[in-house]
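Visitor: Below, each chain spelled out in residue letters.
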Amino acid sequence: MARIAGVNIPTHKRVEIALTYIHGIGQTKAKEICTKVGIPDDRRVNDMTDDEVIRIREVIDNDYMVEGELRREVAMNIKRLMDLGCYKGLRHRKGLPVRGQRTHTNARTRKGKARPIAGKKKA
Amino acid sequence: MARSVWKGPFVDGFMLKKAEAAHQSGRSKSVIKIWSRRSTILPQFVGLTFGVYNGRKFIPVLVTENMIGHKFGEFAPSRTYYGHQADKKAKRA
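Listed in order, the protein sequences are those of chains A and B.
Residues 1 to 123 in our numbering are what the first sequence spells out, letter by letter.
Residues 1 to 93 in our numbering are what the second sequence spells out, letter by letter.
For the record, the hints were derived by calculation from the structure and aren't laboratory data.
Just so you know, not all the hints are guaranteed correct.
Claimed, not checked - Capping the alpha-carbon separation at 25 Å, the derived lysine to aspartate or glutamate pairs in DMTMM-like fashion look like this:
id: 1; chain 1: B; residue 1: K33; chain 2: B; residue 2: E74
id: 2; chain 1: B; residue 1: K33; chain 2: A; residue 2: D61
id: 3; chain 1: A; residue 1: K79; chain 2: B; residue 2: E74
id: 4; chain 1: A; residue 1: K13; chain 2: A; residue 2: D83
id: 5; chain 1: B; residue 1: K71; chain 2: A; residue 2: E58
id: 6; chain 1: A; residue 1: K88; chain 2: B; residue 2: E20
id: 7; chain 1: B; residue 1: K57; chain 2: A; residue 2: E32
id: 8; chain 1: A; residue 1: K94; chain 2: B; residue 2: E74
id: 9; chain 1: B; residue 1: K57; chain 2: B; residue 2: D12
id: 10; chain 1: A; residue 1: K79; chain 2: B; residue 2: D12
id: 11; chain 1: A; residue 1: K79; chain 2: A; residue 2: E58
id: 12; chain 1: A; residue 1: K111; chain 2: B; residue 2: E74
id: 13; chain 1: A; residue 1: K88; chain 2: A; residue 2: D61
id: 14; chain 1: A; residue 1: K36; chain 2: A; residue 2: D61
id: 15; chain 1: B; residue 1: K71; chain 2: A; residue 2: E73
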């Protein structure tokens, strides 16, 4: 069991993969961290020494923005756009795609599940 | 792709003149009408009110510090959307 950057406790996996369970760390950053700390590719989380765990924690604390802090920053950026009243902010407010995608069809990720149109006649 | 840094921000030249004139005339609160939606908002525009044309009328935009780096057009929506007919019918019924 290893707790790194809050609540993340992935065990039995390779360190490089396990680190990607942290919000804000993908494969690239996980690899970076491993080289910085000097952990070989095939090291599993449960085989790590306490010292290595501490060093990983230090590296993440110092050099990366993860989890809550990152989420807060993203939310703040979106809030800034919404308060500003610019086009991107309006799109965020309405829950529509922000980057000029089509909304005639698709855009379901932003719009959510399709709602049936009330009163539409069936062909 | 983002614009090259060496080019600097894009602004239509007359915007600078208009802004300077507004500053010199004692920060008059009058709206400066502009059609140049494509111009970047620069630090020297802060505090001025621009009427940004949206194709039909001039939308007053008071420029604040946060707006620097955005384009004028972003603050004057050019499309109106009132929702779908069917949605409204459903609500009335």
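Visitor: Taking the hints in turn, state whether each one holds.
Guide: Hint check results:
At roughly 16 Å between alpha-carbon atoms, K33 (chain B) and E74 (chain B) fall within 25 Å of each other, so this suggested pair holds. A C-alpha spacing of about 50 Å is found between K33 (chain B) and D61 (chain A), which places the hinted pair above 25 Å, so the restraint is violated. Distance check on the hinted pair: K79 (chain A) and E74 (chain B) sit about 16 Å apart at the alpha-carbon level, within 25 Å; holds. Note on K13 (chain A) and D83 (chain A): the hinted pairing is violated, with a Cα-Cα distance of about 43 Å set against a maximum of 25 Å.
For the suggested pair K71 (chain B) and E58 (chain A), the alpha carbons sit about 41 Å apart, so the restraint of at most 25 Å is broken. Under the criterion of a C-alpha separation no larger than 25 Å, the hint pairing K88 (chain A) with E20 (chain B) is inconsistent with the structure, at around 29 Å. Proposed proximity of K57 (chain B) and E32 (chain A) is contradicted: the alpha carbons are some 53 Å apart, above 25 Å. With a C-alpha separation of about 16 Å, the suggested pairing of K94 (chain A) with E74 (chain B) holds against the 25 Å cut-off.
Restraint check: the Cα-Cα separation between K57 (chain B) and D12 (chain B) comes to about 20 Å, which is no more than 25 Å; the hinted pair holds. The hinted pair formed by K79 (chain A) and D12 (chain B) fails the criterion: a straight-line CA distance of about 30 Å is larger than 25 Å. The hinted pair formed by K79 (chain A) and E58 (chain A) fails the criterion: a straight-line CA distance of about 31 Å is larger than 25 Å. Of the pairs offered as hints, the one joining K111 (chain A) and E74 (chain B) holds, with about 22 Å between alpha carbons and a cut-off of 25 Å not exceeded.
Pair hint K88 (chain A) plus D61 (chain A) does not hold up; C-alpha atoms about 32 Å apart against a cutoff of 25 Å. Our distance criterion of 25 Å between C-alpha atoms is met by K36 (chain A) and D61 (chain A), whose separation comes to about 13 Å. Pair hint K71 (chain B) plus E73 (chain A) holds up; C-alpha atoms about 23 Å apart against a cutoff of 25 Å.
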